[in-house]
Amino acid sequence: MKWSFRRTLLIAFNTFREAVRMKLFLVILILALGAFASSFLFKEFNFGSSELKFIADFGFGGMTLFGSVLAIIVSAQLFIGEIEHRTALTVLAKPLFRSEYLLGKFFGSWLMVACFVGMLSLCLAIAIWVRETSILQANPEAFQGAEPIEILQVIAFGIIQILRLGMLCALVALFSSYASSTVFAMSMGFLVWVASQLQYIATDAWSGGSHWLLKILFAFASLALPNFHLFEVGDRIALGETLSAVVYLKLATYALLYTAFYLSISIVTFNRREF
Amino acid sequence: MAELIKIDNVTKDFPLPIRGKKLRAVDKLSLAIESNTVYGLLGPNGSGKSTTIKLLLGLLKPTEGRCLINGESVADPSIRKNIGYLPEAPYYYRFLSGTELLVYFARLQGIQKRDAKALAGNLLERVGLEDAGGNRLGTYSKGMLQRIGLAQALIGEPDLLILDEPLAGVDPIGAAEIGALIRDLKAQGKTILLCSHLLSQVEALCDKVAIMQSGKLLAEGSLDQLLVSDEDKSLLIKNLDTESRERIVKTAISMGGQVSVNRISLETLFQRLVARNKRSNSVSRANEEGENE
Numbered sequence: 001m002k003w004s005f006r007r008t009l010l011i012a013f014n015t016f017r018e019a020v021r022m023k024l025f026l027v028i029l030i031l032a033l034g035a036f037a038s039s040f041l042f043k044e045f046n047f048g049s050s051e052l053k054f055i056a057d058f059g060f061g062g063m064t065l066f067g068s069v070l071a072i073i074v075s076a077q078l079f080i081g082e083i084e085h086r087t088a089l090t091v092l093a094k095p096l097f098r099s100e101y102l103l104g105k106f107f108g109s110w111l112m113v114a115c116f117v118g119m120l121s122l123c124l125a126i127a128i129w130v131r132e133t134s135i136l137q138a139n140p141e142a143f144q145g146a147e148p149i150e151i152l153q154v155i156a157f158g159i160i161q162i163l164r165l166g167m168l169c170a171l172v173a174l175f176s177s178y179a180s181s182t183v184f185a186m187s188m189g190f191l192v193w194v195a196s197q198l199q200y201i202a203t204d205a206w207s208g209g210s211h212w213l214l215k216i217l218f219a220f221a222s223l224a225l226p227n228f229h230l231f232e233v234g235d236r237i238a239l240g241e242t243l244s245a246v247v248y249l250k251l252a253t254y255a256l257l258y259t260a261f262y263l264s265i266s267i268v269t270f271n272r273r274e275f
Numbered sequence: 001m002a003e004l005i006k007i008d009n010v011t012k013d014f015p016l017p018i019r020g021k022k023l024r025a026v027d028k029l030s031l032a033i034e035s036n037t038v039y040g041l042l043g044p045n046g047s048g049k050s051t052t053i054k055l056l057l058g059l060l061k062p063t064e065g066r067c068l069i070n071g072e073s074v075a076d077p078s079i080r081k082n083i084g085y086l087p088e089a090p091y092y093y094r095f096l097s098g099t100e101l102l103v104y105f106a107r108l109q110g111i112q113k114r115d116a117k118a119l120a121g122n123l124l125e126r127v128g129l130e131d132a133g134g135n136r137l138g139t140y141s142k143g144m145l146q147r148i149g150l151a152q153a154l155i156g157e158p159d160l161l162i163l164d165e166p167l168a169g170v171d172p173i174g175a176a177e178i179g180a181l182i183r184d185l186k187a188q189g190k191t192i193l194l195c196s197h198l199l200s201q202v203e204a205l206c207d208k209v210a211i212m213q214s215g216k217l218l219a220e221g222s223l224d225q226l227l228v229s230d231e232d233k234s235l236l237i238k239n240l241d242t243e244s245r246e247r248i249v250k251t252a253i254s255m256g257g258q259v260s261v262n263r264i265s266l267e268t269l270f271q272r273l274v275a276r277n278k279r280s281n282s283v284s285r286a287n288e289e290g291e292n293e
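Here the protein sequences line up with chains A and B, keeping their order.
Under this note's numbering, the first residue of the first sequence is numbered 1, with each subsequent residue one higher.
Under this note's numbering, the first residue of the second sequence is numbered 1, with each subsequent residue one higher.
Don't read these hints as lab results, they were simulated from the structure.
Computed from a prediction, not measured in an experiment: that's the story for all the values here.
One or more hints might be untrue.
Simulated pairs of lysine-lysine, BS3-like, Cα-Cα distance not exceeding 27 angstroms [stated by the list, open to error]:
| # | chain 1 | residue 1 | chain 2 | residue 2 |
| --- | --- | --- | --- | --- |
| 1 | B | 6 | B | 216 |
| 2 | B | 113 | A | 2 |
| 3 | A | 23 | B | 142 |
| 4 | B | 6 | B | 113 |
| 5 | B | 216 | B | 22 |
| 6 | A | 2 | B | 22 |
| 7 | A | 2 | B | 117 |
| 8 | B | 117 | B | 6 |
| 9 | B | 208 | B | 28 |
| 10 | B | 216 | B | 61 |
| 11 | A | 2 | B | 61 |
| 12 | B | 216 | B | 238 |
| 13 | A | 2 | B | 278 |
| 14 | B | 28 | B | 6 |
| 15 | B | 250 | B | 216 |
| 16 | B | 208 | B | 186 |
| 17 | B | 6 | B | 61 |
| 18 | B | 278 | B | 22 |
Computed, partial: chain B to chain A, Cβ under 8 angstroms [said to hold, decoys possible]:
| # | residue |
| --- | --- |
| 19 | 54 |
| 20 | 60 |
| 21 | 80 |
| 22 | 85 |
| 23 | 87 |
| 24 | 91 |
| 25 | 93 |
| 26 | 95 |
| 27 | 108 |
| 28 | 140 |
| 29 | 223 |
| 30 | 250 |
| 31 | 290 |
A partial selection of chain A residues facing chain B, derived with a Cβ cut-off under 7 angstroms [what the hints assert, rightly or not]:
| # | residue |
| --- | --- |
| 32 | 1 |
| 33 | 10 |
| 34 | 18 |
| 35 | 81 |
| 36 | 86 |
| 37 | 132 |
| 38 | 271 |
Glycine residues also receive a C-beta, built at the ideal position from the N, C-alpha and C atoms.
All chains, please: the whole structure from these sequences, using the hints.
Have a look at this one:
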């Protein structure tokens, strides 16, 4: 029997279908859209480009925050939750490789997170475009001395966030591959999310620390954890800066390499797991 | 008949949180199951039945020994093309409908989408769920989940069906229907390995049984071999006084006639074996404690 990407895709689409039918997805989507829509209520910030920056900041923040929460909960729920409920036993008793199952679960969760971020990016892009147009119609000189926000950059930000959340989904898959409960996998996911946001501190400590033990510890933390701080380019985009394709390419390569690394370890761990 | 399943001196230990301690779930178990038999694996809770099944499905790895299906190691996933498995108390994707679940599993087994839909319809009809195929699994009763579990186990027409408590939660009519389905599968040449606590139904369905306790095999054989016990050789003679009965027996034997032996029930045998094993375990434990003191 050969390893099959078709079976992986079948598991991924089933995972995606299940995730979409979960009420949780809808609740988080409504919450995110609600938070994003509330940015329009702050009329006192209506000073031309500042208002757009405010909307963009709010949108980027919501995308990152809710996207991360969704990635952790959904990845854990759809993977380890299935093992906890013993649904996985029926699937793993079918003629398939465990790596196909694990990758299917990962791709299904990631696809769902990608749809979520995609929807928010689209809403944000439309909102910025509509507001930009109406501000310019009211006052053609509103953006004098300030750069308008580029819609393409908003979409590119969304794509970069999808790649960042792919790393988070892969990390949760890694914990789920050996965890015995959903709560553990989720808790580890949230812990690593926060640690990855602060990874740059470990990198600084590694280069600047004196004690050899601390140096080893920080070296491990800074290599094992991705630096999520690198992906926070929303501020620059909100200020109208155009990021080059090279920046996006570097970030994409970084995210894909870490994702592949975590998935490889997950497959090794999951293959050794007993049910 | 050819040997389909071979469990060869298998031991399975699970590590315990206490350092150096382990739990022995299966202890030097050896079984050989021939094809086209209905084989019952019986035992009280924690006797190692489900662990044995998981070892056969490659979900667990034996600490010692080996499991073979059709002469091949169960570690190879392709072996499972020929196995249908119904887990104990199945819990499926509650957001899927019965039809969607069957189509998903059929497609995982390489069946094309159109054929998978037709197959799902046939299987739903076979397990008596043709009217519930469109309903979400979250709305299914325990008995219905058991039936849909049986339907998914039948996908791909496997030669071996491993059914863990197939009759649990099913009402008497449903149980009779599933029993008829199992007999029908046997008639088609399939091999069925089933675990159950419902001994009267096992007795009615199985050709052979194995009784386990604490991971060990207590008894194994055909029902005819096991249920005609030396302890219970008795004659069923009605409406005669003792003297007459004795004369009848003597006469029957002297004349070379046959005297029918009354069979005990499987339930009686099961309870007797388990109780005897418990007694011998407690005696040996008491002896060990005596020696230690």
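Tested hints:
no. : hint          : result
1   : B:6 / B:216   : holds, 16 angstroms
2   : B:113 / A:2   : holds, 20 angstroms
3   : A:23 / B:142  : holds, 23 angstroms
4   : B:6 / B:113   : violated, 35 angstroms
5   : B:216 / B:22  : holds, 16 angstroms
6   : A:2 / B:22    : violated, 36 angstroms
7   : A:2 / B:117   : holds, 25 angstroms
8   : B:117 / B:6   : violated, 35 angstroms
9   : B:208 / B:28  : holds, 20 angstroms
10  : B:216 / B:61  : holds, 18 angstroms
11  : A:2 / B:61    : holds, 22 angstroms
12  : B:216 / B:238 : violated, 41 angstroms
13  : A:2 / B:278   : violated, 48 angstroms
14  : B:28 / B:6    : holds, 13 angstroms
15  : B:250 / B:216 : violated, 42 angstroms
16  : B:208 / B:186 : holds, 13 angstroms
17  : B:6 / B:61    : holds, 15 angstroms
18  : B:278 / B:22  : holds, 21 angstroms
19  : 54            : holds, 6 angstroms
20  : 60            : holds, 5 angstroms
21  : 80            : holds, 4 angstroms
22  : 85            : holds, 4 angstroms
23  : 87            : holds, 5 angstroms
24  : 91            : holds, 5 angstroms
25  : 93            : holds, 6 angstroms
26  : 95            : holds, 4 angstroms
27  : 108           : holds, 5 angstroms
28  : 140           : violated, 14 angstroms
29  : 223           : violated, 28 angstroms
30  : 250           : violated, 58 angstroms
31  : 290           : violated, 38 angstroms
32  : 1             : holds, 4 angstroms
33  : 10            : holds, 5 angstroms
34  : 18            : holds, 5 angstroms
35  : 81            : violated, 11 angstroms
36  : 86            : holds, 6 angstroms
37  : 132           : violated, 40 angstroms
38  : 271           : violated, 11 angstroms
Checked against the numbered hints above, the structure violates hints 4, 6, 8, 12, 13, 15, 28, 29, 30, 31, 35, 37, 38; every other hint is satisfied.
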